[in-house]
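Protein chains: 4
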Amino acid sequence: MAEKIRIGVLGASGYTGADLVRLALRHPNMEIAVLTANSHAGKPMRAVFKHFAHVDLPDLVTVEEADWGSVDAVFCGLPHGTTHTITREIFASYPDVKIIDMSADFRLRDPAIYQEWYNVEHTATDIQPEAVYGLTEVYRDEIRDARLIACPGCYPTAVLLSLIPLAKARLIDASDIVIDAKSGVSGAGRGLKENTLFCEAGEGLSPYAVGKHRHMAEIEQEVGLAAGIADLRVNFTPHLIPMSRGELCTSYVKLAAQTTAEDLRDQLVETYANEPFVTVAEEGVLPQTQMVRGSNYVVVNVVPDRIPGRAIVISTLDNLVKGSAGQAVQNFNVAYGIEETTGIEQLPLFP
Amino acid sequence: MAEKIRIGVLGASGYTGADLVRLALRHPNMEIAVLTANSHAGKPMRAVFKHFAHVDLPDLVTVEEADWGSVDAVFCGLPHGTTHTITREIFASYPDVKIIDMSADFRLRDPAIYQEWYNVEHTATDIQPEAVYGLTEVYRDEIRDARLIACPGCYPTAVLLSLIPLAKARLIDASDIVIDAKSGVSGAGRGLKENTLFCEAGEGLSPYAVGKHRHMAEIEQEVGLAAGIADLRVNFTPHLIPMSRGELCTSYVKLAAQTTAEDLRDQLVETYANEPFVTVAEEGVLPQTQMVRGSNYVVVNVVPDRIPGRAIVISTLDNLVKGSAGQAVQNFNVAYGIEETTGIEQLPLFP
Amino acid sequence: MAEKIRIGVLGASGYTGADLVRLALRHPNMEIAVLTANSHAGKPMRAVFKHFAHVDLPDLVTVEEADWGSVDAVFCGLPHGTTHTITREIFASYPDVKIIDMSADFRLRDPAIYQEWYNVEHTATDIQPEAVYGLTEVYRDEIRDARLIACPGCYPTAVLLSLIPLAKARLIDASDIVIDAKSGVSGAGRGLKENTLFCEAGEGLSPYAVGKHRHMAEIEQEVGLAAGIADLRVNFTPHLIPMSRGELCTSYVKLAAQTTAEDLRDQLVETYANEPFVTVAEEGVLPQTQMVRGSNYVVVNVVPDRIPGRAIVISTLDNLVKGSAGQAVQNFNVAYGIEETTGIEQLPLFP
Amino acid sequence: MAEKIRIGVLGASGYTGADLVRLALRHPNMEIAVLTANSHAGKPMRAVFKHFAHVDLPDLVTVEEADWGSVDAVFCGLPHGTTHTITREIFASYPDVKIIDMSADFRLRDPAIYQEWYNVEHTATDIQPEAVYGLTEVYRDEIRDARLIACPGCYPTAVLLSLIPLAKARLIDASDIVIDAKSGVSGAGRGLKENTLFCEAGEGLSPYAVGKHRHMAEIEQEVGLAAGIADLRVNFTPHLIPMSRGELCTSYVKLAAQTTAEDLRDQLVETYANEPFVTVAEEGVLPQTQMVRGSNYVVVNVVPDRIPGRAIVISTLDNLVKGSAGQAVQNFNVAYGIEETTGIEQLPLFP
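Residue numbers (the numbering used here), protein chains in the order written: chain X, 2 to 352; chain R, 2 to 352; chain C, 2 to 352; chain P, 2 to 352.
These are calculated hints, taken from the structure and not from any lab test. Honestly, I wouldn't trust all of these hints.
One copy or two, either will do: identical chains are not told apart, so a pair holds if it fits within one copy or between any two.
[To be verified] Calculated pairs, EDC-like style, for lysine to aspartate or glutamate (alpha carbon to alpha carbon, straight line, at most 16 Å): (1) Lys5 - Glu284; (2) Lys255 - Glu4; (3) Lys44 - Glu90; (4) Lys5 - Glu195; (5) Lys44 - Glu283; (6) Lys44 - Glu4; (7) Lys194 - Asp177; (8) Lys44 - Glu66; (9) Lys44 - Glu346; (10) Lys213 - Glu4; (11) Lys255 - Asp177; (12) Lys255 - Asp73; (13) Lys213 - Glu195; (14) Lys44 - Asp60.
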C-alpha cells in the first residue's frame with residue numbers, strides 16, 4: 002500500500018484548485034486533508050463543484066481556520082497577490098512542508114519586475130530566493146530539493162517548452178519572436194465577469210490584454226536566460242477562444258544563420274526523447290488542443306515557413322492540467338521522490 | 002504485477018472503440034493485442050485519432066486479418082448488423098474468449114423484435130440465448146459467467162438504471178411513461194453526415210428519430226420485464242444537443258396509488274446504496290451532464306411534479322463511458338473477476 | 002419617407018433590450034429617443050454592447066432621468082417586479098404613449114396568481130385590466146387598440162402557438178400535457194451567475210426550475226382559457242442547452258377520442274395558413290432551432306407517437322426575437338397600424 | 002416599387018450560396034430566378050437548407066439545365082476550378098450579364114500563380130484581364146463597370162482592408178508581416194470532412210494549411226501592389242476555431258522609421274471615414290468577431306506593441322457576409338448603380 006502524503010489545497014473553489022482535487026483524489030500517494038475557500042467556507046465541496054457528487058471530501062474552511070500542522074504539502078490555487086503572507090507563514094512555521102504554488106507570486110526572480118507587472122507590493126520577497134521555477138522538464142533537479150515551487154503560468158509552460166531548447170542551442174534569434182497565443186475560457190478563471198458568460202464568449206473570439214499580458218514577463222525571463230540575453234522582449238498576444246480547456250501557442254521565429262526548421266525540430270526531438278509528457282508530433286503533423294484535453298501532455302512541432310529564414314513553432318497543452326494542476330502534481334511527485342507520472346497518466350479525452 | 006488479459010477491439014476507428022482503447026491503455030489488467038478498422042487498415046492508430054500521439058498501439062488491421070487466437074477477450078465497437086458472422090465465429094471457435102459487444106446485435110431477446118427494429122436479418126440467432134444484457138448493476142450475477150455480453154445502448158443505460166427499480170417495486174405505472182432524451186453529438190458516431198457537422202449541429206438543437214429510435218425496443222423490453230408487463234410501450238423522444246459527450250433523460254412518470262416522489266427517491270437510494278458508479282443526487286439537486294463528463298458515473302434523482310400523482314425522474318451519464326466503453330470495461334472486470342472499478346475510476350472532467 | 006415614431010427602451014443593457022435596439026435601428030418607422038440602463042447610465046451604448054460599434058445611439062440614462070414626454074412608445078426590457086411604478090406613471094401621465102412590456106409584470110390576469118408565482122407585491126394592479134396579452138397571432142384584434150401590451154414569455158410563446166389551436170378545437174385533453182422545454186443560455190439573461198459562465202454552461206446540459214418555472218403560470222392561464230378549463234395544470238420542465246439563442250418545446254399530448262396526430266397538424270395548418278411568422282413544417286419534418294435563429298419565425302409540427310392515443314407537438318423559436326423583442330416589434334406594428342412584418346422580416350441566420 | 006434584377010446563383014447548396022440567397026430574398030432589387038446545385042438538382046431549397054422553410058424559392062437545377070438567358074446577373078458560389086467553363090460561356094454568350102464570382106478563380110492576376118497555388122489548369126485565362134478584384138472599398142471605381150467581379154477570399158478581405166492603406170502610405174515595412182489568422186468552421190465549407198464534424202472541431206482548436214493556404218497568394222498580390230513590392234512574401238498562418246461564423250486576423254507589423262502605432266490608426270481612420278461598412282474601433286478597443294456576426298461590417302484597429310518599432314493590426318469580419326456573400330451583394334449594388342448598402346444593412350446578431 003502506497004504511503005500517503007497529506008495535502009492541503011488553498012483556493013479549492015477555483016478551476017485550478019478543483020482540477021488539483023480531481024487529480025489528488027486518484028493519486029495513490031495523496032490524502033486530501035484540508036481544502037480552503039474563504040467565500041464558500043462551511044460548505045461541502047460537492048455543493049461548489051457538482052462533479053464531486055460521487056466522492057467524499059473535507060468541507061471547505063477559511064484560510065485562517067486551516068490547520069497547517071495537519072498537512073505535509075500545500076498546493077496554492079489562489080490568485081496572485083493574495084497569498085504572500087500565508088505562504089511566508091507556512092514556509093517559516095512548517096519547515097517540513099513543501100509548498101507548490103500555482104499562483105504567479107514566486108515565478109519572477111526579480112521582485113522589481115513582479116511589482117511592475119502585478120502592481121502589488123510583494124511582502125514575501127525574503128523567500129523568493131528559495132523558490133524554484135517549476136517547469137519540470139527544465140528545472141527537475143532543482144525541484145527535487147525545493148521547499149517552494151513556483152509553477153509556471155499556463156501560457157509560459159506551452160511557450161517555454163517549445164522555445165527554451167531552441168534558444169539554448171542558439172538555433173533562433175531570441176530577440177525576434179512573435180507569439181500568438183490562444184486559450185480556452187477556463188484560463189480566465191471562475192470569477193463572474195461579463196466577457197466569460199456563455200453568450201459573450203461563445204461563438205466568438207477576441208484578443209485580450211494585448212501588449213500587457215503578465216505571462217509575458219515569465220516568458221521573457223526564461224527565454225532570456227536560455228538565450229543569454231538580458232532584458233529580452235517578446236511579442237505575446239493572447240486570444241480568448243470559445244472552448245473550455247486547451248491552449249495553443251503559435252510562435253513565429255527567425256532562424257539563426259545556416260539553420261532550418263528541420264534543425265529546430267531535431268533539437269526538440271532530442272531534448273524530449275525521454276520525457277514522458279512532451280510529445281514532438283510527427284513531421285508535418287500540426288499540434289492541436291484535441292491532442293491534449295484533460296491530460297498532462299504537451300505537443301510541440303516545428304513547421305517551415307515559406308518565407309526563407311523563418312519557422313513556425315507550435316505548442317499545445319491543457320491549461321488546467323500541464324498548464325497548472327497537472328504540472329503541480331508532476332512537481333509534487335519529483336519533490337517527494339515518487340514516480341513522476343503517478344496520478345497524471347490519464348490520456349486525453351476525445352471527443 | 003497485475004496479470005494481463007490480451008484484448009482485441011473490433012472497430013477501433015469509431016468513437017466507442019477509441020474510448021475503449023483510451024480506457025484499456027491505462028487498465029492494469031489489459032494488454033491491447035488487436036485493433037481492427039477495415040477502412041483504415043494498415044494505419045497506426047495515432048493517424049486515425051490524434052490524441053493517441055503519446056502512446057504505442059498495434060497498427061490497425063482488417064477484421065479478416067485479425068488473429069483471434071492471440072486474444073483472451075474481444076470488445077466489439079462496430080455498428081449493428083455488421084458483426085453477426087464474426088461474433089458467431091469467434092464464439093464458436095474460441096471457447097475461452099469472452100465477447101463484450103457494444104453493438105446492438107444481441108441486446109434484444111426476441112429475434113423477431115430485432116428484425117422489426119433493425120431491419121436486417123439476424124444471422125446469429127442461435128447464440129442469442131447465450132447473451133446476457135450487460136446492464137451491470139442489474140445483471141451482475143449473470144455477467145460473471147457470461148461468454149457473450151450485450152452491453153446496453155447509451156440511452157437505455159441512463160433510463161433503465163433510473164426506472165427499473167421503480168418498475169420492479171411497482172411504484173410507478175409503467176404503462177404511462179414519457180421519456181424526453183437529450184444526447185451530445187458523439188452519440189451519432191463518427192460517420193460523415195451533414196447533420197453532425199459543426200456548423201449544422203452547433204448553436205442549435207433538434208429532435209430526431211421521433212417515435213422510432215431503436216433504443217426504445219430495449220427500454221420496453223427491460224422496463225416491461227421489471228414491471229411484469231408484456232408488450233409494454235413507452236414514449237421515447239431523443240434530441241441532439243450541441244455538446245460532444247453526455248446524455249440526460251427526463252422521464253415523466255405516473256405514481257402508483259399512495260406513492261410520492263419521495264418514495265421513488267428512497268427506492269433509488271436503497272437500490273444504489275453500495276453501487277460504486279450510481280449516485281443518487283442529494284434531495285433537490287438536479288442531475289446534469291456536467292456531473293459525469295468523461296467518467297463512468299451515472300447520476301439519478303426524482304423530483305416532485307406540481308401535478309399531483311406524477312413525478313419527474315432524471316438520469317444522466319456520459320454516453321461514451323457508462324453508456325458504452327466504460328460499462329464494457331465494467332462488465333469485463335466482472336466477467337474476469339477483477340475489482341469492478343479497475344480502470345474506470347476517473348472522476349468527471351469539469352470544466 | 003416613412004413617418005417616425007419615437008421610442009424609448011427601458012433596460013437597454015440586457016439581451017432583450019439590446020435585441021429590441023438592433024431591430025429598432027433598422028425599422029423604418031422607429032426613431033430611438035431614449036435608452037435607459039441604471040447601472041450603465043452615462044455610457045454610450047457601444048461601450049455596453051460592442052456590436053453597436055457601427056451606429057450612433059443616444060447615451061444611456063437612468064430611468065429617473067429619462068424624458069418620457071419625448072417618446073411616443075415605450076418598450077420595457079427590465080426584469081419583472083422592477084417596473085410597476087414607472088409603467089403605472091407613464092400610463093397615467095402620457096395617455097398617448099403605448100407601452101409594450103417585455104417583462105412578466107402584466108401577463109397574468111389574476112394579481113393573486115402573479116403574487117403567488119413572482120413573490121412580489123404588484124403595485125400596479127389597477128392598470129392590469131388594461132393590459133392585453135401580446136401573443137400577436139391570438140390577440141391581434143385586442144392589441145390593435147391596446148395601450149399596455151404584455152408580451153408573453155419566450156417559452157409560453159412557443160408552447161401556446163402550438164397548443165392553443167388544439168385546445169380550442171378540443172383535439173387534445175388539455176389536462177394531460179407534459180411539456181419538455183429546452184432553451185439557449187441567453188434566456189437566463191446577462192446577469193452574472195456562475196451557471197451561465199461559458200465553462201459551466203458549455204459542453205453540458207441541465208434541467209432547472211423543475212416544477213416551478215414561472216412561465217408555467219402563463220401557459221396554464223392561456224391553455225386553460227382556450228380549453229375552457231379553470232385551474233388547469235400542466236407539466237413544464239425546462240432545460241438549459243449550450244447554445245446562445247433558440248428554444249424548442251416538445252409537448253406530449255393525449256388525443257381526444259377519434260382524433261389523430263394528422264388532425265392536429267391539419268388544425269395548425271388551417272390556423273396559420275395566412276400568418277407571416279408561423280410555419281407549420283412539412284409532414285415528417287421536425288422543427289429545430291436552426292430553422293429560426295435570429296428571426297421572428299416560429300416553426301411547429303405534430304408527430305404521431307407509436308403509443309396509440311398520443312401525439313408529440315414540437316415548436317421552436319428564437320427566444321430573443323419571436324420570444325421577446327421581435328414579437329414586441331410585431332405588436333408595435335399592429336398597435337400603430339404599420340404593416341405587421343415591418344422591421345422583422347430577417348431570415349434565420351444559418352449556419 | 003424597386004426595379005428587380007433577376008439573379009442566378011451557381012452552387013446554392015453551399016454555405017456561401019445559401020447566405021447569398023438569404024440576402025437576396027430581402028434585397029429590394031433582386032429576384033431569384035435560378036438556383037443550381039448539381040448534387041441536389043430537383044429538390045426544393047428548403048429540403049437542402051431547413052432555415053428556408055418559410056419562403057418560396059425556385060427548385061434547384063443542374064448547371065447544365067439552368068437557363069442563363071433568364072437572368073441579369075450571376076453569382077457563383079462554387080469551389081475554385083469547377084466553373085472556368087461555365088463562367089467563360091456565360092461571359093461570352095450573355096454580354097449584358099454581370100458575373101459576381103465568389104470562387105477563387107479570377108482573383109489572381111497572373112495565371113501562372115493561379116496554377117501554382119490551385120494546382121489546376123485555368124481554362125478561362127482569356128477573360129482573366131476582364132476581371133476586377135472585388136474588394137469594394139479599394140476597387141469601387143473599377144467594379145462599377147466590370148462585367149466579371151472576382152470577390153476576394155474571406156481572409157484576404159479582412160487582412161487587406163487593414164493593411165493596404167498602411168502599405169500604400171509606406172507606414173509599415175511590407176516585407177516583414179506575420180499574419181496569424183483564425184476562422185470559424187463555416188470557412189471550411191459544407192462538404193463532409195472528418196475534421197469539421199462537431200465532435201472533432203468542437204472544444205478544440207487547430208492550425209491548418211500552415212505555410213500553404215491559398216489565400217496567401219491574394220494577400221501577397223494585393224499588399225505587394227499597394228507597397229510597390231514585386232514578389233512580396235508574407236507569413237500567413239490560419240487556425241480553425243470552434244465557432245460557426247467569424248474570422249479575426251492578427252497582423253504583426255514592423256513600423257516604418259519615425260512611425261507609431263497611432264499613425265497607423267490615424268491612417269485607417271482617415272481612409273475609412275466615409276465607408277459604411279468599415280469601422281475603426283475606438284482607441285484601445287480590441288476588435289472581436291462578436292462585433293460583426295451575421296453582418297457586412299469589418300472592424301479594424303491598431304494596438305501598440307511593447308516592442309519598439311512594431312505594432313499589432315487586428316481586423317475581424319463575418320466570413321460568410323463581408324468575407325463572401327455580403328461583399329458580393331455590395332459589389333452587385335455598385336455594379337448596378339444601386340445604393341451600396343441596400344440589402345446588407347443588417348446589424349450584427351449578438352448574442
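Practice task
Quick one: which hint numbers does this structure break? Sort them smallest to largest.
Solution key: Result: hints 1, 2, 3, 4, 6, 7, 9, 10, 12 and 13 break, sorted rising.
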